[in-house]
Amino acid sequence: MRKPIYLDYSATTPVDPRVAEKMCRYLTPDGEFGNPASRSHSFGWHAEEAVEQARADVAALIGADAKEIIWTSGATESNNLALKGAAHFYQGKGRHIITVKTEHKAVLDTTRQLEREGFEVTYLDPQPNGLVDLAALEAALKPGTILVSVMHVNNEIGVIQDLAAISRILRPRGILLHTDAAQSAGKVPVDVNALGVDLLSLSAHKVYGPKGIGALYVRRKPRVRLEAQMHGGGHERGLRSGTLPTHQIVGMGEAFRIARAEMAAEGERIRGLRDRLLAGCQTIEEVYVNGDMERRIPGNLNVSFNFVEGESLIMALKELAVSSGSACTSASLEPSYVLRALGRNDELAHSSIRFTLGRFTTAEDVEYTIQLLREKIGKLRDLSPLWEMYKDGIDLNSIQWAAH
Amino acid sequence: MAYGTKVLDHYENPRNVGSFDKNDPAIGTGMVGAPACGDVMKLQIRVNEQGVIEEARFKTYGCGSAIASSSLLTEWVKGKTLEEAGQIKNTDIAEELALPPVKIHCSVLAEDAIKAAIEDYRKKSGKSADAA
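Residue numbers (numbering that gives the first Met the number 0), protein chains in the order written: chain B, 0 to 403; chain C, 0 to 131.
Same shape as in the complex, but just chain C:
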């Protein structure tokens, strides 16, 4: 399969690879996909007190398009508020990376990952607010 130059760039030089401590209250973790389907994405965000994403990290098991989709996402969410990041659409990712139709599910997975990470952060911070 021939890949677009943007997919290849993110695949060759993935941005923000790594992991944060998922027990840190400032961290939201989203893990989506399934090994049986051939892709699993883990996306983590570090959120400051103003609700702005300061940093993001990812690890992805999957094809080149899945790796590129999650790598791109970590760049896009940095500096965005949770509300802004939650509005990123899979079609934006697919368009930016020029994904072919058979790879659209990779961008859907990336959208699911950021939504899951935001939800995880909100759940955790909600709890910690109750405790305080």
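Only chain B is shown next, with the shape it has when bound in the complex:
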């Protein structure tokens, strides 16, 4: 059987072959397998050199200094370290944190934990286009606010938050700004100084690097302090103990170096494919785009096919690897909390599909996807009592549904 067409680059990306080739040189007896913390021999020195080169490559993609990069196991750990680390360190100053309802669970579950520890957390509603309302953010500030966490790019709808504008509100008040940049690095320009962020989480596997490695940017000027969450040998300036996985770090560094070199051209190519897919979707009736189309990464398209249920659509599209906003697939029957937070009704939230395109997506992939969508949406609508009612001119909101 032919492999499905992969259109789920926001879930993860394949490792670029150039990255994999380089990683292999840091594992075996004839490679540089040393412990970067070993100071007494050349195995350690060579491994340390590789780690520091990677640190410089990661820093360069986000306009940071290499000394500001802390290696972690991924963006989830980075988010935990940033939020818990800053909250614990600065709790003497205040105990109020602000975030947004459309954040990734790695942020929302961490702030829930901080609430259990006695911190107060405000969860902002986004605007219907997915962007944070700056006035609402400003209104939510309190004298005890110490930290605001807003993701740079949303994982489901791909919208880009205006972090620079958020920073302009926070900086004069001395409030820290953390951002989860797992979905933006390598896709849109990220500059920690232009954006005015103090803490920024990164992941390698969304940028054609390996899984299991990430980084946290921690600003040095003005210095941001964190309380370590992982204790041990005092690695990473005591902020994150644990032997550095040289091959993973080398992979992340190489992936970020390639991203910096190729991002502009790659972004344009992917945007062209995404716009073709959008145009193809819009030839189908009753299709709704979720999230702002202007402030959005090139590779994301999130659409709701009204009157077709998401999980059955994913089944119909088995030749495609896509994800459904309807979390039916993950055994909970709730529709996407992100789409609900945008104010989408349950039907549209249940009917959404996220297509994310990337480095290895081709024009043929997109043409095939459009053809398949047209065929399968038609088939499922022939099966749908809601489509039949819509075609008969019945207002579905006028019906007294029996919730179950």
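Nothing false has been slipped in among the hints.
Computed beta-carbon distance windows for the label pairs: (1) E95/C to R24/B: 54 to 62 Å; (2) A401/B to D23/C: 20 to 28 Å; (3) D381/B to V51/C: 23 to 31 Å; (4) R268/B to K88/C: 52 to 60 Å; (5) K88/C to E267/B: 57 to 65 Å; (6) G17/C to A401/B: 19 to 27 Å; (7) G62/B to P100/C: 44 to 52 Å.
So, partial list: chain B residues that the calculated Cβ filter (under 8 Å) puts toward chain C: (8) F306; (9) E310; (10) D345; (11) E346; (12) H349; (13) D381; (14) L382; (15) P384; (16) L385; (17) E387; (18) L395.
Covered stretches of chain C, going by a simulated chain B footprint (3 or more residues, C-beta under 8 Å): (19) 11-18; (20) 22-34; (21) 39-47; (22) 57-69.
It should be emphasised that the hints constitute simulated quantities derived from the structure, not laboratory data.
The beta carbon of each residue, even a glycine, is placed where N, CA and C say it ideally should be.
Add chain C to chain B, keeping to what the hints say.
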């Protein structure tokens, strides 16, 4: 989610898809579920004068298991009397399709749908009997 072969078969080749005229006195219509919950089933039966279901049709908005449950139901009720059809249990459907626990509600919805269709038919035929 991995689906059983029977669910996949009904999903790929749904039986008896379509609609009858709901105003026809020989037709009973059951519509259950809600769009907000992610599934809506419409089941219709054509009943002859002996009270036997001659034909059934369905349309379903929902996941693969919901579509399969309603498709299977249209096969099962054909040729049954209203009394027999009313005794179909959701557990029979869940067992036949090997539904996983998170999909049991799909079979419950199917049982609700046939009960609603029978009730609708009885209400309508009761009325028409009064008129005659």
